[in-house]
Amino acid sequence: MQFSAHQIATLVNGSVEGDPDVMVDQLAKIEEASSGSLSFLSNPKYEQYLYTTKASIVIVNEDLKIDRPVQATIIRAKNAYTAFSTLLELYNQMRLQRVGIEEPVFIHPSAKIGKNAYIGAFAYIDKDVVIGDNCKIYPHVYIGENAQIGDDTTLFSGVTVYFDCVIGQRAVIHSGTVIGSDGFGFAPQEDGTYTKISQIGNVLIEDDVEIGANTVIDRATMGSTIIRKGVKLDNLIQVAHNVEIGKNTVIAAQSGISGSTKIGEHAVIGGQVGIVGHISIANGSQIQAQSGVNRTIAETGKKWSGTPAAPYSAQMRSQVVYSRLPELERRLEELEQLLLTKELLK
Amino acid sequence: MQFSAHQIATLVNGSVEGDPDVMVDQLAKIEEASSGSLSFLSNPKYEQYLYTTKASIVIVNEDLKIDRPVQATIIRAKNAYTAFSTLLELYNQMRLQRVGIEEPVFIHPSAKIGKNAYIGAFAYIDKDVVIGDNCKIYPHVYIGENAQIGDDTTLFSGVTVYFDCVIGQRAVIHSGTVIGSDGFGFAPQEDGTYTKISQIGNVLIEDDVEIGANTVIDRATMGSTIIRKGVKLDNLIQVAHNVEIGKNTVIAAQSGISGSTKIGEHAVIGGQVGIVGHISIANGSQIQAQSGVNRTIAETGKKWSGTPAAPYSAQMRSQVVYSRLPELERRLEELEQLLLTKELLK
Amino acid sequence: MQFSAHQIATLVNGSVEGDPDVMVDQLAKIEEASSGSLSFLSNPKYEQYLYTTKASIVIVNEDLKIDRPVQATIIRAKNAYTAFSTLLELYNQMRLQRVGIEEPVFIHPSAKIGKNAYIGAFAYIDKDVVIGDNCKIYPHVYIGENAQIGDDTTLFSGVTVYFDCVIGQRAVIHSGTVIGSDGFGFAPQEDGTYTKISQIGNVLIEDDVEIGANTVIDRATMGSTIIRKGVKLDNLIQVAHNVEIGKNTVIAAQSGISGSTKIGEHAVIGGQVGIVGHISIANGSQIQAQSGVNRTIAETGKKWSGTPAAPYSAQMRSQVVYSRLPELERRLEELEQLLLTKELLK
Numbered sequence: 001m002q003f004s005a006h007q008i009a010t011l012v013n014g015s016v017e018g019d020p021d022v023m024v025d026q027l028a029k030i031e032e033a034s035s036g037s038l039s040f041l042s043n044p045k046y047e048q049y050l051y052t053t054k055a056s057i058v059i060v061n062e063d064l065k066i067d068r069p070v071q072a073t074i075i076r077a078k079n080a081y082t083a084f085s086t087l088l089e090l091y092n093q094m095r096l097q098r099v100g101i102e103e104p105v106f107i108h109p110s111a112k113i114g115k116n117a118y119i120g121a122f123a124y125i126d127k128d129v130v131i132g133d134n135c136k137i138y139p140h141v142y143i144g145e146n147a148q149i150g151d152d153t154t155l156f157s158g159v160t161v162y163f164d165c166v167i168g169q170r171a172v173i174h175s176g177t178v179i180g181s182d183g184f185g186f187a188p189q190e191d192g193t194y195t196k197i198s199q200i201g202n203v204l205i206e207d208d209v210e211i212g213a214n215t216v217i218d219r220a221t222m223g224s225t226i227i228r229k230g231v232k233l234d235n236l237i238q239v240a241h242n243v244e245i246g247k248n249t250v251i252a253a254q255s256g257i258s259g260s261t262k263i264g265e266h267a268v269i270g271g272q273v274g275i276v277g278h279i280s281i282a283n284g285s286q287i288q289a290q291s292g293v294n295r296t297i298a299e300t301g302k303k304w305s306g307t308p309a310a311p312y313s314a315q316m317r318s319q320v321v322y323s324r325l326p327e328l329e330r331r332l333e334e335l336e337q338l339l340l341t342k343e344l345l346k
Numbered sequence: 001m002q003f004s005a006h007q008i009a010t011l012v013n014g015s016v017e018g019d020p021d022v023m024v025d026q027l028a029k030i031e032e033a034s035s036g037s038l039s040f041l042s043n044p045k046y047e048q049y050l051y052t053t054k055a056s057i058v059i060v061n062e063d064l065k066i067d068r069p070v071q072a073t074i075i076r077a078k079n080a081y082t083a084f085s086t087l088l089e090l091y092n093q094m095r096l097q098r099v100g101i102e103e104p105v106f107i108h109p110s111a112k113i114g115k116n117a118y119i120g121a122f123a124y125i126d127k128d129v130v131i132g133d134n135c136k137i138y139p140h141v142y143i144g145e146n147a148q149i150g151d152d153t154t155l156f157s158g159v160t161v162y163f164d165c166v167i168g169q170r171a172v173i174h175s176g177t178v179i180g181s182d183g184f185g186f187a188p189q190e191d192g193t194y195t196k197i198s199q200i201g202n203v204l205i206e207d208d209v210e211i212g213a214n215t216v217i218d219r220a221t222m223g224s225t226i227i228r229k230g231v232k233l234d235n236l237i238q239v240a241h242n243v244e245i246g247k248n249t250v251i252a253a254q255s256g257i258s259g260s261t262k263i264g265e266h267a268v269i270g271g272q273v274g275i276v277g278h279i280s281i282a283n284g285s286q287i288q289a290q291s292g293v294n295r296t297i298a299e300t301g302k303k304w305s306g307t308p309a310a311p312y313s314a315q316m317r318s319q320v321v322y323s324r325l326p327e328l329e330r331r332l333e334e335l336e337q338l339l340l341t342k343e344l345l346k
Numbered sequence: 001m002q003f004s005a006h007q008i009a010t011l012v013n014g015s016v017e018g019d020p021d022v023m024v025d026q027l028a029k030i031e032e033a034s035s036g037s038l039s040f041l042s043n044p045k046y047e048q049y050l051y052t053t054k055a056s057i058v059i060v061n062e063d064l065k066i067d068r069p070v071q072a073t074i075i076r077a078k079n080a081y082t083a084f085s086t087l088l089e090l091y092n093q094m095r096l097q098r099v100g101i102e103e104p105v106f107i108h109p110s111a112k113i114g115k116n117a118y119i120g121a122f123a124y125i126d127k128d129v130v131i132g133d134n135c136k137i138y139p140h141v142y143i144g145e146n147a148q149i150g151d152d153t154t155l156f157s158g159v160t161v162y163f164d165c166v167i168g169q170r171a172v173i174h175s176g177t178v179i180g181s182d183g184f185g186f187a188p189q190e191d192g193t194y195t196k197i198s199q200i201g202n203v204l205i206e207d208d209v210e211i212g213a214n215t216v217i218d219r220a221t222m223g224s225t226i227i228r229k230g231v232k233l234d235n236l237i238q239v240a241h242n243v244e245i246g247k248n249t250v251i252a253a254q255s256g257i258s259g260s261t262k263i264g265e266h267a268v269i270g271g272q273v274g275i276v277g278h279i280s281i282a283n284g285s286q287i288q289a290q291s292g293v294n295r296t297i298a299e300t301g302k303k304w305s306g307t308p309a310a311p312y313s314a315q316m317r318s319q320v321v322y323s324r325l326p327e328l329e330r331r332l333e334e335l336e337q338l339l340l341t342k343e344l345l346k
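Protein chains in written order, with this note's numbering: chain A, 1 to 346; chain B, 1 to 346; chain C, 1 to 346.
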């Protein structure tokens, strides 16, 4: 795929300075670009690279002053970063555009598949599944009985969706992620063994959710494990049965949320965080990476850190003293020695 | 699937009060149920919902006193919770019942498959594999050369079982779990590179084991990585080479057990726990979430917490003081100041 | 596969004492071996087992003194451990040797596949993919458009390689691992939602890299996420977008490295470690399991521990005092009481 400076300027509503016919076929950072690349300059810190870059085209802000000769063709746009992001997105959509049903696939005769679908080879679509319009179901995806997938959703290679689960519109789910495996529920028996508690609920994922690779969301014991509209989950995350994650909450990789916990809206949760079961986390909470949250957070919009999680600033103060603990102990010993010497302590 | 109150009462050995012909086609919690649902009341805390629920049928304890009019048909059973659990399990078995071999599959001519098997499309069953009776092998499962799967075992979509591994009877393994990948063994060389140590052992999983999704159990260097009878493992767990996990031990999500460590029987290990290699953990140990265990636990039945893991109550005491560390330091400084002022310290 | 003592001695350049025609068909530890097994004795600690083992053949060091009768046939080799490792490796290569393309597979007509390839059933190889010589692509592997796989590389069942990613020679990647899923990049919007930042870079894996099962390496936003030559990654690891991991670095299971962080060469990182984004870790750093690294490590070859990670010996000293915190507080209270009593403090 090749584009001329003229074509790109048209796409981003910009103006060309230099050769309008120069062609590019890749995107690159301004400091790393080679000939044939399109790049952009937004951060003034990188301005020096404008004069040395090997990029063939550079998009810059409308009002940028250029005071020395530049090799590249320049495209001036209102906001260079936004213009470049738009191009990235267009490029990506073109790259990932595919339609049609490859062979072999397994599609149960009762399954309904919307318009313009891509179904990759070796995908498995079971009985009574409903898939919306413009979906991309990559190879090796498994969609169990009676599951529903909304319009414009992409499931990358190897995603598993168990029976009865529901995924909204415009979702993107990356490879190896499992939606709807059994919740971890076992009743201890008198002989020391455990009896499984059947998990007959489902997972309900609302619109505009993105989920990374190899994440697991367990189905509810009864009812639904719920991922609300606009949630973004990273890779290798554990979401246990009957959890609910509120709108537009973002969770980084390798965090785990135990059963029946309810996370509020607009929360930001770092990587490797653990949250115990049966609590709730207020809207707008910010939880630092590796924290362990063991009780309900009721106040909205606060920052938390550590195990057990405490308010961020208190945690930072304790952390600083922790690093001085050996010195603290020595000072205490000195006082004890002194008071012993003075015969005040014995 | 629809059932009448009469049919359900027969299944759970109960008696009907109200319309025996009312039909239900789903299960729900009493506080969330809609018309057409079957629910139950066991915990007295929820008794109020009996009078407001929209459930069509509610199973209650034999001896429950009902003093106001109730909309739903009532089924009295010896133990409402047990009766409901039995129904859940029956329902689930019906939902997941499937038999037969779909197309296309890859089954090596030398593989032996027992009676009443379900083999989903795109399953791969290699040379000399032996699969017992009544197994369910879902789509995209891979079973390597010479592996053995016991009777009544279910491998959900996308499970991988490497060559030579052995899985017992009545196992349930969820999607994306990998059994028998190479242990992480490399010998450092003088030039700074690493040489792989071949991992020629296997994984041995005994009867009645359940394993969640995207968990990994590595094969032994030599001999076997062993998961004993009745063990329950959650999602995203790491079990390294030559580990042994004792009977009826339960491990929550995202925990990791390093090489050659031996976990006792009836242990309960929380989520995100790390256990170093080459140690042993006594029977009945309870290890709190996010703990880091760095030495052998020899005493049975104790509770542990923290990194490095310490007895639970000691850890709780240290934790409390930790949150007061800045105050502690201030008090120490005051004493120092005082003694300086009094010219006792200089 | 059966081998005689004579054949084995020839392979390892050793000499036979006892029956040169005795046959073995398995490998086992000396203390666990049964008849028909080949074992070895290297560590003097295990010497006692030489006289009780049921192994049919034992490889020992050339100069070992044997002063009592031994049942097994003995093979003397220069270094018993090295000799045994060589045999392990040969055995493993024979076990895993396979060539040919099974059916059904999906191979795009434009894909190029080298000599002596094994392509398992249900593998998916997309447009313009290039696969080197002697590669083993197991069943259910997905290789996206334009990806490249070097000579002698093995991708076990269920590995996913997204479009444009590049994997070097002699790589081994275990089941369920995902290479090239989107980096976790979203721009917060004024209405509280997030807009995806397209991730158009790739993952570049150099030669001689081994990666465990269910690990995830995200593609770069632009440019490449880079895994340098000789790196060894364990299971369930998270490598975020634009990370670079230096030559011969080893990372244990369940660790996570956030975006744009650069890990040096010859580092050793324990399990469940978390490393924040946009920092660098010096060559030869050793990071203890469960550590949380939140700033750049500039000094080479040091040992780190804890959250936030501190120099190992300082961390150990703080840890020891931490376990005595309740006692420390009590001692401080005693001093305060004393000074109160003496009317020095009020």
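Do not rely on the hints blindly, as some may be mistaken.
Here are a few chain C residues that face chain B, going by a calculated C-beta distance under 8 angstroms [to be verified]: (1) 101; (2) 105; (3) 106; (4) 235; (5) 236; (6) 294; (7) 336.
Source of the hints: derived by calculation from the structure; they are not laboratory data.
For every residue, glycine included, the Cβ atom is placed at its ideal position computed from N, Cα and C.
Results for each hint:
1. Restraint check, residue 101 of chain C versus chain B: the minimum CB separation of about 12 angstroms is more than 8 angstroms; hint violated.
2. Taken as an interface hint, residue 105 of chain C does not check out: its beta carbon lies about 10 angstroms from the nearest beta carbon of chain B, beyond 8 angstroms.
3. Taking 8 angstroms as the C-beta cut-off, the interface hint given for residue 106 of chain C is violated, the closest approach to chain B being about 11 angstroms.
4. Checking residue 235 of chain C against chain B by beta carbon gives a least distance of about 4 angstroms; that is within 8 angstroms, so the hint holds.
5. For residue 236 of chain C, the shortest C-beta to C-beta distance to chain B is roughly 5 angstroms, which falls under 8 angstroms, so the interface hint holds.
6. For residue 294 of chain C, the shortest C-beta to C-beta distance to chain B is roughly 16 angstroms, which exceeds 8 angstroms, and the interface hint is violated.
7. A hinted interface residue such as residue 336 of chain C counts as satisfied when its beta carbon comes closer than 8 angstroms to some beta carbon of chain B; here the least separation is about 7 angstroms, so the hint holds.
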